[in-house]
Amino acid sequence: MAGDAREVVQVDSVVKDFRPGFGLRTKRVLHGVSFSVREGEIFGFVGPNGAGKTTTLKVLMGLIKATSGRATILGCDVAQTEFRRHIGFLPENPYFYSFLTAREILNFYAKLSGVPSAGRRDRVDTLLNWVGLEHAADARLRTYSKGMLQRVGVAQALVHNPRVIFLDEPMSGLDPLGRKEIRDVVLRLKREGKTVFMNTHILSDVEMICDRVAIIVDGVIRYQGRIEDFLIEDELWSDVVLSGLSVEATTHIEEAFDARFHGVGERIEIRIRDKDVSAVLQIALAAGAEVISLSQHRVSLETIFIDAVERSEGGGGES
Amino acid sequence: MKTSVTRIWIIAVNTVREAIRNKLLYTLLFFSVAIIGTAVLIASLSYVEGERIIQDIGLAAIRLFSVGIAIFVGIGLIHGEVDRRTIYTILSKPVSRAEFLLGKFLGLLLTVWLQVILMTVAFVIVTSATGSRIDSGHAAALFLTAMELMVIVALATLFSAFTTPLLAALFTLGVYTLGHLSRDMLALARQAEVEGVKVAATWLYRLLPDLESFNLTIQAVHGLTISPAEIWLPMLYAVGYAIALLFVASFIFQRRDLK
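Chains as they are written, first to last, in my numbering: chain A, 1 to 319; chain B, 1001 to 1259.
Bear in mind the hints are in silico, worked out from the structure with no lab data behind them.
Be careful, since some hints might not be right.
[Stated by the list, open to error] Some but not every residue of chain A turned toward chain B, in silico, with C-beta under 8 angstroms:
1) Ile64
2) Ser113
3) Pro116
We put the CB at the ideal spot given by N, CA and C, even for glycine.
This is chain A alone, in the form it adopts within the complex (with noise of 0.2 angstroms):
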């Protein structure tokens, strides 16, 4: 195989375009989207609905076409076949053949697959047991629950023993237990050496969880890095509450710092960079301010995340 072994899903550029009727302008719904997946890492790929998440996971398992960019999977073209023996998807909301079972329709993808006859038996077994649908295993699927189906959906994406996983809304439709089921599923793998890819908009399981994110907004990549770099740069910022601080002392303040105030009137709230906190106490108490409180700003993925969205309501450019 060709390609970087180290980046295991390289999106280049990636441009898409719909035509929602005939005879209507196409509309653009990924605009040169880029970004690369490590071997081995859970990598996070979040932004509101309709930012062009599913489209851009469309795009890598081939479903849909790029109108012009590159998208690569183990060095191979997505419109490729025969390297898809090392990837497994989970769509979101995953519709299977309601008239199968759930061993039935493992066994079927496992052929698929083209998983040895020798080991199907136990690969299948193992997996039901993994996702916990051991006790349902030989029940029609149209008997099944929304959660139960989304277990269906790992499983039949392991069966074969994947290499890279994509995982469209993973915890959609789940109740607190099955996310957090889920979510150990998704860390196993990773102690297995796999590469996850997961499509969400819940962002307490990608801080959770996910190694690397990557933030798109209105098909365009917002944010990408590794988690810990988002919540290292928030941890430098301070929130200091003031009260009686005067207009001379907040004038110096603003000049002086990088600070953002909020409030008005008596009580003042300052956030500023970790390294400035005493300098800016010390002019603080020498204007006769009384210091309400003084708290370390954690900014969360969240904040990240809505901060993006809107930006790009108001037209901000790609970071």
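Here the structure of chain A is known, so what remains is to put chain B in place on it, guided by the hints.
Below, chain B alone, put in the same frame as chain A:
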């Protein structure tokens, strides 16, 4: 090549299994068998040629019901998979779109042939019970019905690959009807005086399947001699026509965005 054939076969077997577990098909099968059975009653109303009436009705029931099942199931064959999104997980495995399409076609064809076999059993039982003659002519007629079904299933697969079930049903029924009139098109082309009509009728005759070439009912019922060429020529024609249709279907399906 071997793995490709294996994947097509796996999808085909699954399609047959889906049909076997579909209760609606059993209902259609029951009705077809019931009509073959009632042919005895209808024949008893006639003083003459009761034997031929039974065979006429029996063979017509087999043809009509199997074509009906082929169109009924075939029109949603690919569209249903895209609409229900069951295709997403299948195409994420090492399965090409052409393999998927061929697997679905083969599965439906085997299902329809299985139904023909079951209806034939009913036909043989009814015909034998009334003491009527059954010979190789009937076997030839049923064999060519199976060949005609190959073309019908390929047509339904083609239309299902790019349009909705309703349109696919209209297109398939339209081609089926015109396919049985294609020889009339040729006659029209020969007799037409307007050049435009002549050209249009000639091209329709060339493009549409000549489905009447699969109809040996009259020869079978009346015990007329059937030459080997009357069997193997339509058979080759059916295989060639179905391959051409599947090639076009695959070409279109490969280029479709599965939204």
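Hint check:
Evaluation of the isoleucine 64(A) hint against chain B yields a held restraint, the C-beta minimum of about 4 angstroms falling below 8 angstroms. Proximity of serine 113(A) to chain B holds as hinted, the smallest CB-CB distance being about 5 angstroms (cut-off 8 angstroms). Restraint check, proline 116(A) versus chain B: the minimum CB separation of about 12 angstroms is more than 8 angstroms; hint violated.
When each numbered hint is compared with the structure, a violation occurs for hint 3 only.
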